[in-house]
Amino acid sequence: MSEKGSFPAFYLKWGELVHWDVPDVHLEACDWLEHGRTGRVAVFKALRGFSKSTIVGRYVSDKLRKNSAYRFQLLSATDKDGAKMSRDSQHVINRHPWCKGMRGKGGLWKSHSFEVEGSDDPRNPSVVAYGINSNLTGGRADEFINDDVEVPKTIRTPALREAIREKLSEETHILVPGGKILYVGTDHCVDSIYKEQIEDGADLLEIPLFRKGITHISKDGLSDSFLFDFRVQTASDLYVCIGINKPRLLGDDEYQVHGLRDFKGGFIKLKTAPAPDERVSIYSGNIWPKRFTRAEITFRIKRCRTWGEWDSQYMLKPAQLTKVRLDPARMIPYDAMPEIRSANGSISLWINGIRMVGAKAWWDCSLGKVNSDASALAVIFTCAAGYLYWQVAQGMTGEIDEQCQQVVPVVKAFQLRSIDVETNGPGGFVPAILRRHLKSAGLACAVVPKWSKQNKNLRILDALETPLSGSFLYAHQSVLQGPVPAQMREWDATNPDNEDDYLDAASGAISTTPVRIGNHVPPVGDAGDDWRPGSGTHEAQSDY
Numbered sequence: 001m002s003e004k005g006s007f008p009a010f011y012l013k014w015g016e017l018v019h020w021d022v023p024d025v026h027l028e029a030c031d032w033l034e035h036g037r038t039g040r041v042a043v044f045k046a047l048r049g050f051s052k053s054t055i056v057g058r059y060v061s062d063k064l065r066k067n068s069a070y071r072f073q074l075l076s077a078t079d080k081d082g083a084k085m086s087r088d089s090q091h092v093i094n095r096h097p098w099c100k101g102m103r104g105k106g107g108l109w110k111s112h113s114f115e116v117e118g119s120d121d122p123r124n125p126s127v128v129a130y131g132i133n134s135n136l137t138g139g140r141a142d143e144f145i146n147d148d149v150e151v152p153k154t155i156r157t158p159a160l161r162e163a164i165r166e167k168l169s170e171e172t173h174i175l176v177p178g179g180k181i182l183y184v185g186t187d188h189c190v191d192s193i194y195k196e197q198i199e200d201g202a203d204l205l206e207i208p209l210f211r212k213g214i215t216h217i218s219k220d221g222l223s224d225s226f227l228f229d230f231r232v233q234t235a236s237d238l239y240v241c242i243g244i245n246k247p248r249l250l251g252d253d254e255y256q257v258h259g260l261r262d263f264k265g266g267f268i269k270l271k272t273a274p275a276p277d278e279r280v281s282i283y284s285g286n287i288w289p290k291r292f293t294r295a296e297i298t299f300r301i302k303r304c305r306t307w308g309e310w311d312s313q314y315m316l317k318p319a320q321l322t323k324v325r326l327d328p329a330r331m332i333p334y335d336a337m338p339e340i341r342s343a344n345g346s347i348s349l350w351i352n353g354i355r356m357v358g359a360k361a362w363w364d365c366s367l368g369k370v371n372s373d374a375s376a377l378a379v380i381f382t383c384a385a386g387y388l389y390w391q392v393a394q395g396m397t398g399e400i401d402e403q404c405q406q407v408v409p410v411v412k413a414f415q416l417r418s419i420d421v422e423t424n425g426p427g428g429f430v431p432a433i434l435r436r437h438l439k440s441a442g443l444a445c446a447v448v449p450k451w452s453k454q455n456k457n458l459r460i461l462d463a464l465e466t467p468l469s470g471s472f473l474y475a476h477q478s479v480l481q482g483p484v485p486a487q488m489r490e491w492d493a494t495n496p497d498n499e500d501d502y503l504d505a506a507s508g509a510i511s512t513t514p515v516r517i518g519n520h521v522p523p524v525g526d527a528g529d530d531w532r533p534g535s536g537t538h539e540a541q542s543d544y
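Quick note: the sequence shown uses the UniProt record's numbering, first residue 1, plus one each step.
If you are wondering where the hints come from, they were derived from the structure by calculation, not from laboratory data.
Treat the hints loosely; a few may be bogus.
To be verified - Computed list of lysine to aspartate or glutamate pairs in DMTMM-like fashion (alpha-carbon distance at most 25 angstroms, straight line):
| hint | residue 1 | residue 2 |
| --- | --- | --- |
| 1 | Lys323 | Glu117 |
| 2 | Lys100 | Asp191 |
| 3 | Lys323 | Glu339 |
| 4 | Lys80 | Glu171 |
| 5 | Lys195 | Glu166 |
| 6 | Lys317 | Asp253 |
| 7 | Lys317 | Asp24 |
| 8 | Lys302 | Glu339 |
| 9 | Lys80 | Asp24 |
| 10 | Lys180 | Asp277 |
| 11 | Lys195 | Asp220 |
| 12 | Lys246 | Asp200 |
| 13 | Lys153 | Asp191 |
| 14 | Lys195 | Asp252 |
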């Protein structure tokens with residue numbers, strides 16, 4: 001077996017053999033695979049159509065060429081995909097002139113496993129390939145390669161993504177001391193396994209279609225000029241995409257480029273100003289222009305159903321691939337806590353300097369058992385202008401008695417005078433228990449049982465879609481940092497089994513009329529002060 005040559009040289013030699021025009025960006029990836037990984041966990045992300053698996057297949061062959069005792073385990077989305085990876089490496093070993101003698105005469109070469117000449121482990125082949133749902137225990141490996149294990153079929157729901165994470169966690173226990181894990185692929189959801197590994201400190205090679213880019217959102221539908229902050233040599237180096245729900249690549253006759261060869265950048269002037277809320281993305285630095293021509297990019301971007309699909313598959317920004325019906329990005333964030341003020345004998349509640357005129361609390365309670373719904377409490381305030389402020393999205397834990405105790409501080413903090421409790425399922429017993437705890441705390445808060453008859457998905461859609469589309473739903477940072485955004489992105493109007501308990505609680509609060517605090521509850525104990533307009537004592541003169 002020959003020991004000459006680096007992996008980039010090995011790859012170039014293969015390209016020469018099969019008459020490839022090897023792009024420089026492939027050699028960049030080869031060099032990183034061989035020398036760029038300093039840690040034990042690494043992520044190799046590249047756009048769709050980059051030939052990631054092709055490069056990795058040749059990396060496996062070259063590694064075994066240099067170290068015949070090395071052991072790989074290759075994981076793909078399915079057993080069939082794993083076998084393709086294994087056969088590809090075998091094909092290279094059989095044909096590459098630097099791999100002569102690696103096959104040898106001993107050992108079995110199967111579609112999903114093989115061993116090279118010089119392998120010294122009788123129990124573990126040089127390469128074993130699986131699908132992600134196969135049994136991984138019982139083997140040993142120097143390196144795991146997870147090649148495109150995240151695909152729509154394997155990550156469609158949060159439960160499927162959790163199952164993948166459990167499978168991948170097994171790799172740690174199979175690796176020999178000092179072993180490595182490589183993730184190869186493209187994000188297919190916001191909650192991506194690659195994003196998780198990167199945040200945990202994994203080495204990263206990221207190759208999007210364009211090296212540079214900037215995005216604008218048209219605010220008024222009047223402006224036709226948009227800046228870019230990178231140098232462009234010629235107008236043909238610039239790519240402009242536009243659209244509201246899905247992108248479209250503009251032709252070079254639909255805009256003018258100003259500021260060519262300026263280190264500070266320049267701007268484009270569109271022939272037609274984009275509509276309000278329309279997105280304008282400007283790109284440059286095509287990483288493989290011979291393959292990804294303007295015509296090819298036009299075809300691919302036209303086939304993308306959403307901006308999220310384009311961003312995720314070609315610009316490597318984790319996003320929801322399908323159209324999001326309830327887009328959490330349309331909620332307006334705020335971080336101020338409600339402030340209760342007392343002045344001139346009246347009490348009022350304010351958020352960010354805006355006076356609230358009503359509040360609604362809705363508790364969609366659950367027993368918290370395995371596979372049951374979350375026990376979700378939503379509190380939403382309303383201002384005089386009709387804007388909604390989603391202040392609380394809290395999950396209650398423990399037995400029902402414990403959960404009621406957790407509700408009490410929320411009622412007290414915001415001086416709530418009423419809370420609706422959904423009585424479907426276990427909720428039928430909850431109102432009486434909650435009343436007892438509120439009374440013990442000296443709080444005058446009515447507990448109103450609510451029985452939901454309407455279809456849950458229709459109820460959620462009716463309550464949330466209009467406030468989102470009209471941009472009058474605000475959300476506290478604590479809401480945005482919890483499970484709500486994920487539930488909104490994943491929500492499917494056709495799926496009766498969505499994980500949507502926080503959305504259900506919010507829909508209950510939004511769809512019912514805000515309670516006018518203090519009118520129907522006699523003050524007992526520490527009744528608290530009523531902060532809503534019209535709740536104080538007034539004196540009127542009359543002349544009969």
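Results of checking the hints against the structure:
1. Lys323 to Glu117: Status violated; Cα separation ~51 angstroms.
2. Lys100 to Asp191: 44 angstroms, violated
3. Lys323 to Glu339: Judged against 25 angstroms, a Cα distance of about 38 angstroms means the pair is violated.
4. Lys80 to Glu171: Holds, at about 20 angstroms.
5. Lys195 to Glu166: Roughly 16 angstroms separates the two Cα atoms, so the pair holds.
6. Lys317 to Asp253: Distance ~29 angstroms between Lys317 and Asp253 Cα, so the pair is violated.
7. Lys317 to Asp24: 23 angstroms, holds
8. Lys302 to Glu339: Violated, at about 49 angstroms.
9. Lys80 to Asp24: 31 angstroms, violated
10. Lys180 to Asp277: Not satisfied, since the Cα-Cα distance of roughly 45 angstroms exceeds 25 angstroms.
11. Lys195 to Asp220: 34 angstroms, violated
12. Lys246 to Asp200: 32 angstroms, violated
13. Lys153 to Asp191: 15 angstroms, holds
14. Lys195 to Asp252: 35 angstroms, violated
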